[in-house]
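Enquirer: Residues per chain, in single letters:
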Amino acid sequence: MKILVGVKRVLDPYVRAYVKPDGSGVDLSNAKMSMNPFDEVAVEQAVRLKEAGAAEEIIAVSIGPAKSEETIRTALAMGADRGVLVEGERNLEPLAVAKILKQIVEEESAQLVLLGKQAIDDDCNQAGQSLAALLNWPQGTFASGVELEGETTKVVREIDGGLETVELDLPAIVSVDLRLNEPRHASLPNIMKAKKKPVEKKAAGDLGLDLEPRMKILNVSEPPPRAEGVRVGSVAELVEKLKNEAKVI
Amino acid sequence: MAVLVVSEHNNSELLEVALHAVTAASRMGGPVEMLVAGSGCAGVADTCARVGGVERVLLADAPEYEHHMPENIAPLIVGLAEGYSHVVAAATTYGKNVMPRVSALLDVAQISDISAVFSEDTFERPIYAGNALAKVQSADPIKVVTVRTTKFDAAGIEGGNAEVENVEAAVSGEGSRFVEQNLSQSNRPELTSARTVVSGGRGVGSAENFRMIEDLAASLNAAVGASRAAVDAGYVPNDYQVGQTGKVVAPDLYLAIGISGAIQHLAGMKDSKVIAAINNDEEAPIFQVADYGLVEDLFTAVPALTEALKA
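Each protein sequence line maps, in turn, to chains A and B.
Going by the numbering used here, the letters in the first sequence line up with residues 39 to 287, in that order.
Going by the numbering used here, the letters in the second sequence line up with residues 126 to 436, in that order.
By construction, these hints were calculated from the structure, which means they are not laboratory data.
Yeah, the Cβ is synthetic: ideal placement off N, Cα and C, and Gly gets one too.
Don't take every hint at face value.
A few chain B residues that don't get close to chain A, going by computed Cβ distances all over 12 Å [claimed, not checked]:
1. Arg152
2. Arg175
3. Ala187
4. Pro188
5. Ala279
6. Ile282
7. Ala294
8. Arg327
9. Gly330
10. Glu333
11. Val399
12. Asp416
In silico lysine-lysine, DSSO-like type, Cα no more than 30 Å apart, as pairs [to be verified]:
13. Lys231/A to Lys105/A
14. Lys398/B to Lys58/A
15. Lys58/A to Lys260/B
Derived coverage of chain A by chain B (criterion: at least 3 residues anywhere in the stretch with Cβ under 8 Å from a Cβ of chain B; other residues may be distant) [as the list claims (entries may be wrong)]:
16. 40 to 54
17. 124 to 134
18. 261 to 272
Okay, chain B solo, but in the shape it has when bound (with noise of 0.2 Å):
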């Protein structure tokens, strides 16, 4: 049997965290097809079509899928799934919203944010915030799954030939009306996919502060993130956050600046390749993950830092 993926996608683009999952969903087994529900979306199954190892897509086009709003996309999923053997997603926001609203509805229990593919039905996910690994197995016909992004490599947009299949709309789920999205405007690379991430903590300072390390990222072309504790004190918006339960990125450079290192943060970041931390305090647990650390003032650090990478 097949293993259908869920596209996530602004419905002009398909959003790269779906190739992720793409790579994940072709470890299960079956040949892999993808979904694409939307509104004007046709150029983002084409897109699919191009994934190397797609057979089939799916794609439902309907204004009532404009916004993904999981009272309509789910039973949407719900009423194609009996057809696959999985259903795999993104552990994103959108998989995150979506996916358990699947799962109930086929009465099967979801496998959130797996880490690893053993076979078809065993699998690896981190819990207690990636200090304990489980290996589980499920017992279900159709397996749920989300999938943890940074552990598996994009596929990529090419080599496919799907045909792309138009799938009737499923009734509209009733009772919720989006109304607006606020998204962050940034000339930086995106977070989660960024070879080079350089994160700010509390001890950054302020707003104002943190367009020192916005330099920073500026010159190693990186990402911009920042612990939990910067985004409560309003430095930086909430997509900004690092952490077990913002964003996990695994880039291949992290540079944690005024960063103390809490369990909840380093769940989102200790699988990066290479850690650099610059902290005033040496007794900061962000030091026990780092490769290299440096003991200083960030404030003279960070900027030296800078003129050194634009020499």
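Only chain A is shown next, with the shape it has when bound in the complex (with noise of 0.2 Å):
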């Protein structure tokens, strides 16, 4: 089975963003990137699978900048076995993620694909439902659990409530949530083994595929900062403050 995971290149998670002054996005000229930490998720979940045996190869696939190929490295190096990078100038949307995807996924046949629930950037949470409905496949998305049964696989959901299981049939999408594992940090000997490993480069623009966006991003600001808080002193002068200036106990 090959399966096909889903890497995307962000500003790493402890970094705060800035907004430009233009208003136009954020600031991320010098600012250091790392994978999407869901995207990490889905990485270390595929190589598991192929470590179980349940898998044969494993296709990480970037859309982005050319600068994206570092991610992609990053995937090889945890044990991805080769990547595509698809070098897209602009931001492209999800549903535009969603095709390029999909025109990959059955180039490849891959069988099984899994993705983070959600960029940190965007915050979209979509790419991969949108996906599955481009497909038609089944999909288990903020998976905690993913268990390969023959044709099927079964992936346990975080959800508002608590958890849901759900099975589906293969091909499916299954999209990560975070406690489905701890990634591992790649070694060093792997590092430089994944320089190796072939990554194919296409262009976004070149796939035939409709990938206009169809939002406007009219301006960025960032959000009105909170009143400066003050120190309490005691149990008692919290209560006190909470009670009589805050009114909210």
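Both chains are given apart, each in its own frame, so use the hints to dock them into the complex.
Expert: Now the structure itself:
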């Protein structure tokens, strides 16, 4: 079985996002970039499935600027076998990403697609579900458990009320949540090996797909800051403030 | 053209999140209609019919819809969407699961997790864990929108007198089967709609110690939340998690206990009206957003606070 994993290059999760003064977006110049943390979990899951003998090959796909190759190399160092980089200059919307992934999934005849449930930059939480719709495949979103059982997969989903388990016929899409596993750190020898693994490059514009943005970003702003708070010296003072000043208890 | 709200329910009761989505929908221009898809859910449709401002309720009642599987529900919504300017749902795990499937089948871009409606095609949505707000304008003929429920008040279940119309079940999706749900049982108020939330973090130390947080919450009639660290450590189940990828809450009072205040946690609670934090680390970032900060060991402060509130 072939597994396809999507990996997105995003602002590092431990770095604060700053809005550009002209309101055109978030300033990413010179910012530390990393693999989307949810995608790391997806890569880890794919590698574990391969290690358990349930998959033969893992293809890591990234869609974005040329530097996304670094993100693919990270996935290769973690254990993916080869990469596909779809270069697109502008920020592609999740619908466009789903269309591109559909084409690659079909070319590769992948049986399982593992994606992060959401990218921590645009926070859209769409690509996996949209890809499943375009392929007419079943989906298991927000997964904290994935088991392969022959021609099906059992997915435990983190939902608002607790946990839900669904069974999906393969091929299927699984979007992963953070508690599915703890991603490994690539070892130095594996990082070296990853440099030699093949990465195929394509241009998004050459795929013959309608990738036009449907949304115009009119403005990006910082949310209004909270008024500065005060330190209280004791539990009694806290209770007094909450009761008489804030009037919330 | 009308705006269709996809209602979230458990086949017997309408969930409050749907009422917040109705309020957002009512700002998008046209009259508001609601879809109730489920099994044995006619009572939910009757509730929707009484929601103020709702003009029509579509009821798709079929056994295939019992578990609200997206493979089934999405084609149903797509079949109905033609007649609407917007299709709207709450940005809950239900809405997030089904709506991007709908938008892809309609070949439109979903507008996720909106926090404000400026006009029929222009919305605000938080990005980068809420560290930036994007004002976006959609060019799509049908707008598929999910709504951040804390940013819109709940519509009242009163004043409405809508017709309930049955709609045919669509072709059922194949390839997915519901196995089971394990829902957390709690006698505390629901996290996303509670007026007071008490959350515990890694500092609480264990599942056993978390009882202290529960006791404090009980004395305030508050819901109990947690940071990702506390959930990852197994102190509480996943549905307690507040944050960028967990639940977003905006209560009147958010009490953060032993929570350091990572960006990802702040994303889920910084719209709370009043934030109070107790942490023994005076450098903890949570104090930067707290209206009231108490630097004290939580193991002495929390029992004392619970006692003081009982008095």
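Enquirer: If you check each hint against the structure, which ones fail?
Expert: 11 and 12
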